[in-house]
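S.K.: Letter by letter, the chains look like this.
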Amino acid sequence: MEGEIAEKLKFYRKIRTLKTQFQQTKRIPDLDVEIKSEGEMELVRPEKVTWKVKKPAPTELILDGNKVEITSGEGREKKTESFSLDGALDASTMRSLVSMLAWLKLDIPSIQNGYTIYAVDKATFKCVPKDEKNSVFQSLTFFLHSEGHLKKLAIGEKSGDQIEIQFSKPQVTFHP
Amino acid sequence: MKFLFPFLFLSSFLTAAPLIDKSESKFFPQEFGEKLALFKSFPAFWWNFAVVEGEPEAVCDAMKKTSEFSQVQCKPDPATFLPLIEDWVRDLPARVPPPTPSTFRQKINATLTQLSLPIPKPLFELLRLDPLHSYEELKNHAERRLHLAFPLKQGYFQDERTGRILIPFQVGFAPSEAEKLEPILEHLHNLCTPETHCERLVFFGPHASALENRMQIKKDLERVSYLGTTLLVLSCLFLLFVKKGGLGLLFVPILPATGLAALSILLWNGTIHGLTLAFGPGIIGMLVDYGLQAAFNPTSKYVWKSNTFGYLTTIVCLVVMAFSKIPLLSELMIFSVLGFTYGYLFLYFFRKPLQNLTAQTSHAFSLNYRRSFFIFALFCAGAGVFLLFLVEPKLDLKQFDFQTPETEKTAAWFYKESFKEPPLFEIQGTEELLAGREARKTFSQTSGILLESATHYMPETPDVTRVQWKTLQCGNHPLEKYLTPNETKLFLPFLNKISCSALSSDPAHDPPTYIKHLHQKQNHWLTLWFPKSGTEKTQVQSAFPQARSLGELVAVFPKLLTQELKWMFPISAFLIVFVLMLYYRNIAHALLALFPFLCGMGLILTAIVLFHLPLSFMTLIALIMVMGFSVDCAVFAIDSRLGKLEDSKATASSIAYASAASLIGFFPLLLCSHGILFQLGMSLCLGLLGTAIGAFGGIPGFLR
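Chains Y and D, in that order, give the protein sequences.
Per my numbering, residue 1 is the first one in the first sequence, and the count goes up by one each step.
Per my numbering, residue 1001 is the first one in the second sequence, and the count goes up by one each step.
No lab work stands behind these hints, which were simulated from the structure alone.
Being a predicted model, the structure only gives us computed values, none of them experimental.
Beta carbons: idealized from backbone N, C-alpha and C, even for Gly.
Certain hints may be false.
Stated by the list, open to error - Derived CB-CB ranges, DEER-like: (1) Y/Gln166 - D/Lys1180: 54 to 62 Å; (2) Y/Asn134 - D/Leu1670: 49 to 57 Å; (3) Y/Ile108 - D/Pro1405: 51 to 59 Å; (4) D/Glu1199 - Y/Ile108: 52 to 60 Å; (5) Y/Asp32 - D/Lys1481: 15 to 23 Å; (6) Y/Asn113 - D/Lys1481: 44 to 52 Å.
As the list claims (entries may be wrong) - Below 20 Å or equal to it, Euclidean Cα-Cα: the simulated EDC-like pairs (lysine to aspartate or glutamate) are: (7) Y/Lys151 - Y/Glu40; (8) D/Lys1121 - Y/Glu132; (9) D/Lys1153 - Y/Asp64; (10) D/Lys1107 - Y/Glu34; (11) Y/Lys36 - D/Glu1487; (12) D/Lys1497 - D/Glu1086; (13) D/Lys1416 - D/Glu1431; (14) Y/Lys19 - Y/Glu147; (15) Y/Lys54 - D/Glu1480; (16) D/Lys1532 - D/Glu1426; (17) D/Lys1153 - Y/Glu69; (18) Y/Lys55 - Y/Glu40.
Just chain Y, same shape as in the assembly:
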């Protein structure tokens, strides 16, 4: 299975940079409410992921190695907070954000290390954390486009909330 996944995600093996638009829907079943957002994701290998939300309000999260930077607001209200993952004030919040961003780095060996992957169909794979107790998510399902890139990512949070992220075709550059 692991070899098959690696083969399916070979598209990402040699990329140097990746930029894609996303549309996200978060469903909260307890409240019967949906929260929609859209923005842009940028990946610069090896370690930098930028999650830029444009709607409902501009917010940028950057994960670069051990550092996290969150910029929110506009104009005079704009503010940036930086954290090292060591000094995180709220460890559980950080773990959630970092886990999501780490997933978006598409670090296949790390994903395979942390998750058991099941093929739902040719282009759909469900990942269940190996260490459920310490994992921030209950499950992740990724859907591949026929061209090999990530089309959709569905995250099942432990609280029961569901996040679905639809990605457009990415613009990529490769390593020589």
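Following the hints, complete the assembly by docking chain D onto the known chain Y.
M.R.: Same frame as chain Y, now just chain D:
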């Protein structure tokens, strides 16, 4: 043996008997005592600290689940702050005017973006409750107030130099109830094991220290009780062996005398302090000496005159000290006077049966003159007089606080790193607090000295802003109009707080949770200053003379007691000599009665100097007891040497038995680890030994 009674009563002091006062406020005159009690009733001072070496996770997780801890500062999570934010958001309309529709929409959008991210449920709920992010103001207040010198790393405050992790935690009740924490702290200690990679765990703070103190007293008392009981049994067997078993009955009057004295204090005061119950019986127990004298001199017509003047000299000392401004000392002396008097009357009424308590056997002791013994006694008394002017009393209350060496070292490290100067505090009523609001705020801003006051959290113009919110929310375009149905559902907790009906109802009267730490039930408010240097401290105290540190408040006790001792001891000595002048009509004999006391004091002060021990409050209590006992022994010895008590050997035996009984009773205290118990035992044992030296060695020497 007679002095085992203190331990029985000290045990009751440690229990939660409602009539027994265990507070520290009785160590201080009323004004200061009330202030100290009030000071300690503020939840702001219920913070303790856990210091972990190694992995803190197991301890932190267990502490967070402990309901007795209202706050635990490790791995902070938003759920901890929800109760504070509830009240903070409820009071938002009193603090700030309503936002414009565009500002409202902007903030909602920003919150929606945050809510769209994979965040933990508690944070999700917090953002639903406070989409306008008013919690940031509260967070800024908390960060300003938090002065720990240790950075936060991975959710823990850590000293980078030593690797120690500090977990501040706030207990939900006052330090006087610290015994409730015993099983909890024991459980937490059990979690610090090699399996959890925790190497060491130390607790300190008002509750942890109070508990450590009580536990040590309990341990020491158990040790003392076992040994004391053994010695008591052996003593009784000895008395039976020497055919003086009847002497055991002399202790019988002490119990009703003590009980009546306690009842008298309770009827007068409503409560009695635990320390009065602990040490009062010891003082009352001295009247057994009169019973011993009567038992050993059954045929003497003079013995009760001796006893009466012995009683009067003891009472005089106790009455003088009863005028102390320190309520505890005054209560202890009044209790002792009453108990002593009741006991003496019991003994007098039962004097006839006392005559038959001892068999008419030969007595092993005598009051004969021995030169070397006399010289030794002179040396002891000389040391007493000389050292009295050299040794400085150390009467601070810190001695009552037992800490293991590990706790002491850890606490010292923490305070050295965290506070250059101790914080200053003021306690004010609501009107005074509000009236001084601007002055303190301005002073803090201009001087740069950090101020923590409830007024920081109180709105300046609550009525004005509430009216603005009410007008908006009860009008045609409340803020909800700018939300989609989806958003209305999402932000319902917030909308409920700012609804027209919520704004129309009466504001809450109880102080909100975010300032409860600065509020005490009877509408007293705490204001804290955090000077960083002595100069800043002086600046604050010049501008606000009522501001003082806890150390300054507590220092009232030793200062006052030192001042009082300067007149109490001379007056007591003078009155004792005066009473004895009435008795002996001879100044030399009257002064001679103080000789055994000087010997006793000499041995005590010599030990203090040689072993670098403090001349403490407990030494003072011991000296009072030694004075009473020594003057009694002196009177008996002098009367015997003057021929008033026919059988001098019998008198010598009674003094010997009294001294031995007292020594046996107090000896076990020397095995205690708690400083105050050890000091008491050391002072009493040496004092009693010195008394015996003075009575047997000194008095025959002067009256040969």
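S.K.: None of the hints should be skipped; say for each whether it holds.
M.R.: Against the structure, the hints:
1. About 56 Å separates the C-beta atoms of Y/Gln166 and D/Lys1180, a value consistent with the hinted range of 54 to 62 Å.
2. A hinted range of 49 to 57 Å holds for the C-beta pair Y/Asn134 and D/Leu1670, which are about 55 Å apart.
3. A hinted range of 51 to 59 Å holds for the C-beta pair Y/Ile108 and D/Pro1405, which are about 55 Å apart.
4. The hinted window of 52 to 60 Å between D/Glu1199 and Y/Ile108 is violated, with their beta carbons roughly 39 Å apart.
5. For Y/Asp32 and D/Lys1481, the Cβ-Cβ distance of about 21 Å falls inside the hinted range of 15 to 23 Å, so the restraint holds.
6. For the pair Y/Asn113 and D/Lys1481, the beta carbons lie near 51 Å from each other, so the given range of 44 to 52 Å is met.
7. Of the pairs offered as hints, the one joining Y/Lys151 and Y/Glu40 holds, with about 14 Å between alpha carbons and a cut-off of 20 Å not exceeded.
8. Between D/Lys1121 and Y/Glu132 the alpha-carbon distance is near 17 Å, which keeps this suggested pair within the 20 Å criterion.
9. A hinted pair counts as satisfied when its Cα atoms are at most 20 Å apart, and D/Lys1153 with Y/Asp64 qualifies at roughly 18 Å.
10. Only pairs whose Cα atoms come within 20 Å are accepted, and D/Lys1107 paired with Y/Glu34 is accepted, the gap being roughly 18 Å.
11. Of the supplied pair hints, the one linking Y/Lys36 and D/Glu1487 holds, its CA atoms being roughly 11 Å apart against a limit of 20 Å.
12. Distance restraint check for D/Lys1497 and D/Glu1086: the Cα-Cα separation of roughly 9 Å lies within the 20 Å cut-off, and the hinted pair is therefore satisfied.
13. Taking the CA atoms of D/Lys1416 and D/Glu1431, the gap is near 37 Å; set against the 20 Å cutoff, the hint is violated.
14. The hinted pair formed by Y/Lys19 and Y/Glu147 meets the criterion: a straight-line CA distance of about 16 Å does not exceed 20 Å.
15. Of the pairs offered as hints, the one joining Y/Lys54 and D/Glu1480 is violated, with about 24 Å between alpha carbons and a cut-off of 20 Å exceeded.
16. Using a Cα cut-off of 20 Å, the hinted pair D/Lys1532 and D/Glu1426 holds, with the two alpha carbons roughly 17 Å apart.
17. Between the alpha carbons of D/Lys1153 and Y/Glu69 the distance comes to roughly 17 Å, so the proposed pair stays at or under 20 Å and holds.
18. Taking the CA atoms of Y/Lys55 and Y/Glu40, the gap is about 10 Å. The hint holds against a cut of 20 Å.
Hint compliance for this structure: hints 4, 13, 15 are not met, and every other hint is.
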